[in-house]
Amino acid sequence: MEQQAILAIVIFLIAYALIISEKIHRTIVAMIGAALMVIFGIVSQETAIHHIDFNTLGLLIGMMIIVNITAETGLFKFVAIWAAKKAKGRPLAILIALMLLTALGSAFLDNVTTVLLMVPVTFSITRQLRVNPLPFLITQIIASNVGGTATLIGDPPNIMIGSAVKELTFMAFIQNLMPIALIILVLLIPIFIFMFRKQIKTTPELMQSIMDLDEKELITDRKLMVKCLTVLGLTIVGFFIHQLVHIESATVALTGAFLLLLLTGEHMLEEAFAKVEWPTIFFFVGLFILVAGLIETGVISTLAEKAIGLTGGNVTSTSMLILWLSAIASAFVDNIPFVATMIPMIQDMGSMGISNLEPLWWSLALGACLGGNGTLIGASANLIVAGMAAKEGYPLKFTQFMKYGFPIMILSVILSSAYVYFRYLM
Amino acid sequence: MLIYHCNEDVAIITETVNEEDVEFRLHLLQTEPYLERLKKIRHDFEENDIYTDVLFYIYKNHEYGAIVRRAYYVDFVLALMKHGLLRSVEWKDD
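If you read the protein sequences in the order shown, they are chains A and P.
Using full-length UniProt numbering, read the first sequence as starting at 1 and increasing by one per residue.
Using full-length UniProt numbering, read the second sequence as starting at 1 and increasing by one per residue.
Keep in mind that the hints are not guaranteed to be accurate.
Claimed, not checked - Here are some chain P residues pointing at chain A (derived, C-beta under 7 Å): (1) I3; (2) N7; (3) L55; (4) Y57; (5) I58; (6) Y59; (7) K60; (8) Y73.
Said to hold, decoys possible - Far from chain P by the CB rule (all over 12 Å, computed), these chain A residues: (9) A83; (10) A87; (11) P120; (12) V121; (13) L213; (14) T230; (15) G233; (16) L261; (17) T302; (18) N314.
No wet-lab data here; the hints were simulated from the structure.
Being a predicted model, the structure only gives us computed values, none of them experimental.
Where a beta carbon is used, it is the ideal one built from N, C-alpha and C, also for glycine.
If we strip away everything but chain P, and leave its shape as in the complex, we get:
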C-alpha cells in the first residue's frame, strides 16, 4: 500500500475512505507558492480526459476538498508529492 507523510509546514491533509472513492481535505498553511501549485494540480486533473478521476471543491480560507476515485488514488498522491505538498511517499507491504 502507498503511505505518505504530509509536509506539516505546508498543509494539513486528512482522508476519509468511502465505498467507491477517497475523500481528501486539504488545508493550506502556506499559500505561497502552494496555492498556485494546488491550482495547477486541480487544472491538470480537470483538463484530462476523465472528468471524475479527481473532483475538486474549493472552500473558504484556502481549504480544498478532493473526491478521488480509488483507481486514481496513486496518481493524486503522486501529484501532491510532485508539487511539494507531501514530504514523502513510499510503498509498504500490506
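Isolated chain A (complex conformation):
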C-alpha cells in the first residue's frame, strides 16, 4: 500500500476514534482531520472542495431555516397540545400520540429538529400530568429514528445517500422505505403500551387539566404561521417533484428558506441564521474531506474489493452484510461518518460487478437509520434528547435506554431484512 494511503488511513482512524470518544467536539476533530488530509497532500484543496457534497449541506441549512422560523409561531406546541387533548388527557394515549407526531415530524422535517421541538412540550405535558417524562422521551427517540428512515430528508444518512445517488429521488425513498417504516411504527404501538402501561398513571383531575388548555392561544403569530405553512407545503411539494423539474433537493430547501425570509422580512434573517446548527454543517464538511482522502488513495476501492470477496459478489449476501453491519455499527458509533465511508464503497461495488445496487442502498439506509435506536449514542437525536433530559433533572442512562432501544433495533432490523429480501432479492 502506498505511503499516502497509509497516512490517510491513520488520519481517518485517529479522527474516527476521537469522534467516538467524544473527548473533543466532533466538528473540531473532523475539520482538523480534513485540514491534515490537505496539508499532507493526500488531497489537494481543489479536490477536497470537489468532494464536499453541497447538496447535503444546502438541504440541511434550508430545512433548519424553515423549521426554526416556523417554530417561532408556536405551531408545533399547538399541534402537540391539540393531540394531547384528542387523547383526552390519558397519559398512555398521549405517549402514543406524541410518538406518532415525532415520527411524522422526523419524516418531513428532520429527526434532530423534531426532537428539539417535541421535548419541551413533552416536559410541559408530563409535568402537568405529574408523570415521569422518560417513557415519553424514550418512545420519541425511537420514533424519530423510525420516522426519519421513511424519507430522503428524514435522517442525515438518507440525505447523504439521496445526494450521492441521483436515481434515489425523494419519491424513491418514500416508495421504498416508507412501507417498512410504517410497519415498524405500527408494531411499536402495542409494544410501547405494554412496556410503559404501569409507569405513567395519573388522576382524572390532572387529565381534565389538559382538557382545559386553550391550545389556540399558543399560536403567537398567525400571519407568520400562514406564510410558514405555505412555504413548508411548497417545499415538500418541491421535494416530491424535484427530479421531474431537474433540480436538486438542496435547491428546493434553500429556495423555500429564502422565499420564507423574503415573506417575513429581513428582520428575521439574523435570528434564522443564528439558529442554523453550524457545528453540524462543518462536521459534514470535515467528514466529506476525510473520506475523500480514503477515496483518492484507493483505500475505499480496496475495502469494496474485500467486501465483495467476502460475499462472493452475491447481492443477497452483500445486502444482508451491509444491513446488519450498518445497524450494529450505527448503534455504537455515529452513523454519519459510517455512511460517509460506506457510500463510495457501495459505488465502487457497482464498478466491480454488482449490477443491481438498489437493495444495497436501501440496506444501508435502513441499517444506518434504524441502528441508531440500539443505544443512546447511536444517533444525534438520541444524544440531544438525553442531554436535554439530564439538564432538566431526568438523566436517561445508557443502559436504561439500551434495555428498550436495543431489542427494538434488533426487531426492526429483522423486519427490514425480511422486507429487503422479499421485495428486492427473491
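Since the structure of chain A is provided, determine the placement of chain P on it from the hints.
Showing chain P alone in chain A's frame:
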C-alpha cells in the same frame, strides 16, 4: 421568605405548593397592557436555556397556569413584579 402582594386591579394570583414545585394560577382582570406583559414573561422563560424552570399553561378567559420549580420561585415572582402584575415584593424573616 419572599412575600408578595398582588395588584388586585390587574390580576388574581393563587399558588399551591407541591412536592417539587409551586403551581400558580393567574387570572387577568385587565388585559391591556397586562396580557402582552404576561406573554413577554412566558416568552422569556421559554426562550432561556432551562425548559422546566417555569412551565406555562394557557386556559380560556385569560387564565394562565404556571408550574414553577422551587429553585426558580424568586425569579418568577420578580418577573411578575417587574411587569406590574404584583404591587410589592419583600423579604421577611421566616
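Is it the case that A87/A keeps its Cβ farther than 12 Å from each residue Cβ in chain P? Answer for A87/A: holds, closest chain P Cβ roughly 17 Å.
Interface hint status, Y57/P versus chain A (Cβ within 7 Å): Check passed: Cβ of Y57/P comes within 6 Å of chain A, closer than 7 Å.
If you take the shortest Cβ to Cβ gap from Y59/P to chain A, is it below 7 Å? Holds - the Cβ of Y59/P comes within 7 Å of chain A, reaching about 5 Å at its closest.
Please verify that hint: I58/P, Cβ, nearest Cβ of chain A, below 7 Å or not. holds (4 Å)
Is the Cβ of P120/A farther than 12 Å from every Cβ of chain P? It is violated; P120/A is separated from chain P by about 5 Å at its closest Cβ, not greater than 12 Å.
Beyond 12 Å from each Cβ of chain P, as asserted for T230/A: holds (25 Å)
Under the criterion of a CB-CB separation shorter than 7 Å, is I3/P in contact with chain A as hinted? violated (26 Å)
Beyond 12 Å on every Cβ pair: is that true for G233/A relative to chain P? holds (26 Å)
Does K60/P meet its interface restraint, that is, does its C-beta lie within less than 7 Å of any C-beta in chain A? holds (5 Å)
Interface hint for L55/P, Cβ within 7 Å of any Cβ on chain A: For L55/P, the interface hint holds, since the closest Cβ of chain A sits about 5 Å away, which is under 7 Å.
Measuring Cβ to Cβ, find out whether N314/A lies farther than 12 Å from everything in chain P. N314/A clear of chain P: closest Cβ-Cβ about 50 Å, beyond 12 Å.
Can we trust that L213/A is non-interface, i.e. its beta-carbon lies farther than 12 Å from all of chain P? About 6 Å separates L213/A from the closest Cβ of chain P, which leaves it inside 12 Å; violated.
When held up to the earlier numbered hints, the structure conflicts with 1, 2, 8, 11, 12, 13 and fits the remainder.
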